[in-house]
Amino acid sequence: MAKARPITNLDTQAPTGTNARVIARTRLEELYEWDKYVDDPYQVHELHNLRIAAKRLRYTLEIFAPVLPEACSGVLREVEQIQEELGELHDSDVMVALLRLCLGSLDSGVGYEDALVKASYQQGKGRFLLNPDMAAYLLNPASAPSAGQRQGLEYLLLDLQKKREEQYAAFRQHWYQLQARDFRREVLTILDT
Amino acid sequence: MGNQKVPTWAAIDIGSNTIRVVVARYISDHLEILATDEEMVRIGESVTSTGEISAQKSAAAIATLRAYKALAEQYAASPILAVATEAIRQAKNREEFLAGVLEATGLVVHLIEGDVEATLTFYGATCGLGKEAPVPARIGVMDLGGGSTELVLAKNMQMNWRISVPIGSGWIHDRYFHADPPTHDDLAVAATFLQTYVQGLRIKQRPPLLVVTGGSANALLRLARYAFHVSAQETHLTYEDLLRCEGLLSALPAQEIAERYKVPASRAEILPAGVLIIRTMMVHLQVREISISSHGIREGVLLAYARHGSQWLQRVRCSARDVTQEAVEVDAEISRAASESAEEPFDRSGHRMLLDRTRKMLERRDEVLKHEDVEAVHRMRVASRRLRAVLDAYESACNPKLFKKAYRCVKQLADMLGKARDTDVMIEHLRAQLEQTPAEEQLGIQWLIDRLSSYREQHQVVLEAFLKQIDEDAWKRKIVACLPVGGVENGKS
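In the order they appear, the protein sequences are chains A and B.
No gaps in the numbering here: position 30 of the first sequence is 30 in my numbering, and each next residue is one more.
Adding 193 to a residue's 1-based position in the second sequence gives its number in my numbering.
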């Protein structure tokens with residue numbers, strides 16, 4: 001997950017409202033740095049980073065709400081919605097990854113080891129998707145699912161993949177609606193007032 | 194036009210879809226309705242697409258308000274009380290619009306906040322309740338508007354929770370539906386969005402009775418009466434009734450619905466969105482049927498006026514504030530902070546905010562340790578995110594070494610809370626899925642729920658151990674110390 005960019009051009013003696021606008025503009029730019037990944041539904045990590053950037057902008061608008069223009073409340077609503085849409089998408093991605101690991105691992109020690117290595121590798125590269133502790137716990141061969149349970153998990157995986165497509169479509173549609181009204185420019189204009 | 198001794202009043206509400214009026218007499222604690230009217234102006238349509246009330250919508254609204262004023266004057270109604278809600282709240286040119294209305298009609302329109310709207314709706318929608326059947330101790334009232342939806346929960350008719358969400362039937366229609374009738378894909382996308390949104394609302398109680406009010410809810414009742422021969426006296430609709438309505442609305446174009454079932458065409462257009470919102474909320478609240486009230490915000494305005502006279506709006510604002518709800522607390526904090534921080538130098542506001550956000554985050558510790566409410570972890574995690582947002586904002590003004598130390602602590606806590614919350618969310622989603630899954634598929638989901646629950650319990654032990662070792666004062670000192678402030682010594686104000 002990309003770290004929030006430190007903002008260097010702040011004047012600590014200036015009114016809070018002046019600096020809050022600079023911070024909000026930076027968080028907005030960070031959000032749009034991930035814009036190029038919106039059309040690719042399977043850039044899971046990049047979409048996750050877009051969500052984190054939306055979250056940072058949202059909290060910036062919230063904590064500085066008293067000193068930002070009132071119109072920022074409308075911006076906040078859109079950003080919250082984007083964050084929620086991407087949040088649901090991320091939840092589905094995590095669950096899909098977990099199910100694939102569960103179903104991909106055999107009930108033997110070898111499959112278990114492989115799955116753990118995969119989970120650790122993802123974390124090691126800083127491209128964290130699954131919580132390795134949880135993956136390890138779930139993939140423990142001592143409590144592996146039975147054949148009937150595995151079949152249920154297969155169905156669940158199919159359902160989740162379908163739901164994920166709908167979630168992505170909902171998010172993308174919203175994103176393009178914002179693009180159509182030049183949301184970025186709209187926010188910058190509000191912050192300039 | 195009636196007995197001169199009995200007061201006659203009128204109330205108008207300018208909503209996102211509709212402008213409505215009611216003229217009523219107030220006799221021994223109840224309203225006798227003399228006249229009502231409504232016009233679908235759909236102001237919200239232009240606000241959703243451009244952020245402003247267009248000149249055309251403004252002119253249509255003024256024409257309607259002139260006609261309503263004349264109607265009220267026919268009954269010698271005085272005063273005429275007017276309120277405006279979500280679409281006007283969101284419009285960039287709201288001041289200009291309200292000034293235009295005043296100039297053209299002489300009507301003073303009060304722009305009310307979402308919480309006041311919810312309170313007035315509760316007064317109106319419940320005013321006839323209990324006449325025919327006993328009212329359960331806990332009830333919910335939902336006002337489905339064009340641009341927002343208000344939900345109020347009450348115990349023994351005293352409101353104890355409420356929320357106003359900026360999503361209504363007009364808004365969903367304008368944003369998600371591109372065909373008439375809406376396509377299956379459009380409906381699926383809108384349904385996914387609504388499920389996501391509603392899941393994010395932290396509704397703590399599930400009332401056995403849900404009263405729904407608003408134009409779309411009443412139009413659905415009329416549709417069910419015409420189409421499915423639901424009795425004219427019936428004011429309840431079951432979940433199955435709504436599914437049947439939805440089937441009809443997704444099969445026929447709005448014009449045909451309007452002609453066949455005597456629903457105004459502009460209302461018929463947004464009904465698919467209305468039924469979807471109601472159904473989503475019913476599933477979330479686990480209610481099988483709803484009671485539909487033809488009363489709402491306008492009747493609420495008149496009842497508030499009856500109780501409090503010219504101070505009605507101030508008193509309703511106070512009542513709305515008294516209702517305990519987390520979002521209200523946040524809003525109030527923001528308002529308080531506003532007066533303190535507008536011109537406050539950046540370093541001073543940072544010091545205050547760091548201390549305040551740290552305190553708020555640590556206040557949540559006890560409820561997480563109790564491990565009774567699944568939302569406790571979520572609240573503490575959100576508090577930790579707000580604190581991190583403050584730290585991120587002030588990073589360049591901080592002492593780098595002290596900042597790193599403080600940030601690491603907060604991040605460690607946030608990560609632990611994140612693991613707990615993510616698991617809770619997975620379990621919640623799976624439980625919801627379990628209810629809709631055929632028996633042969635449930636085995637796998639149940640296995641996963643059991644494994645995740647067991648992991649969650651194990652993680653709770655680790656989380657509790659971490660939380661218990663936190664020295665609250667030391668954390669506050671550590672976090673505040675990273676931002677040097679002129680005039681503040683050693684981080685103590």
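Honestly, the hints are just simulated from the structure, not real lab data.
Note that beta-carbon positions come from the ideal geometry of N, C-alpha and C, so glycine has one too.
Fair warning: there could be bad hints in the mix.
As the list claims (entries may be wrong) - Chain A residues, not near chain B, derived (Cβ > 12 Å throughout):
{"no.": "1", "residue": "Y37"}
{"no.": "2", "residue": "V44"}
{"no.": "3", "residue": "E78"}
Said to hold, decoys possible - Chain B is faced by these chain A residues, among others (derived, beta-carbon under 8 Å):
{"no.": "4", "residue": "E46"}
{"no.": "5", "residue": "N49"}
{"no.": "6", "residue": "D91"}
{"no.": "7", "residue": "R100"}
{"no.": "8", "residue": "T189"}
Evaluated hints:
no., hint, in the structure
1, Y37, "holds (20 Å)"
2, V44, "holds (15 Å)"
3, E78, "violated (10 Å)"
4, E46, "violated (19 Å)"
5, N49, "violated (15 Å)"
6, D91, "holds (6 Å)"
7, R100, "violated (13 Å)"
8, T189, "violated (10 Å)"
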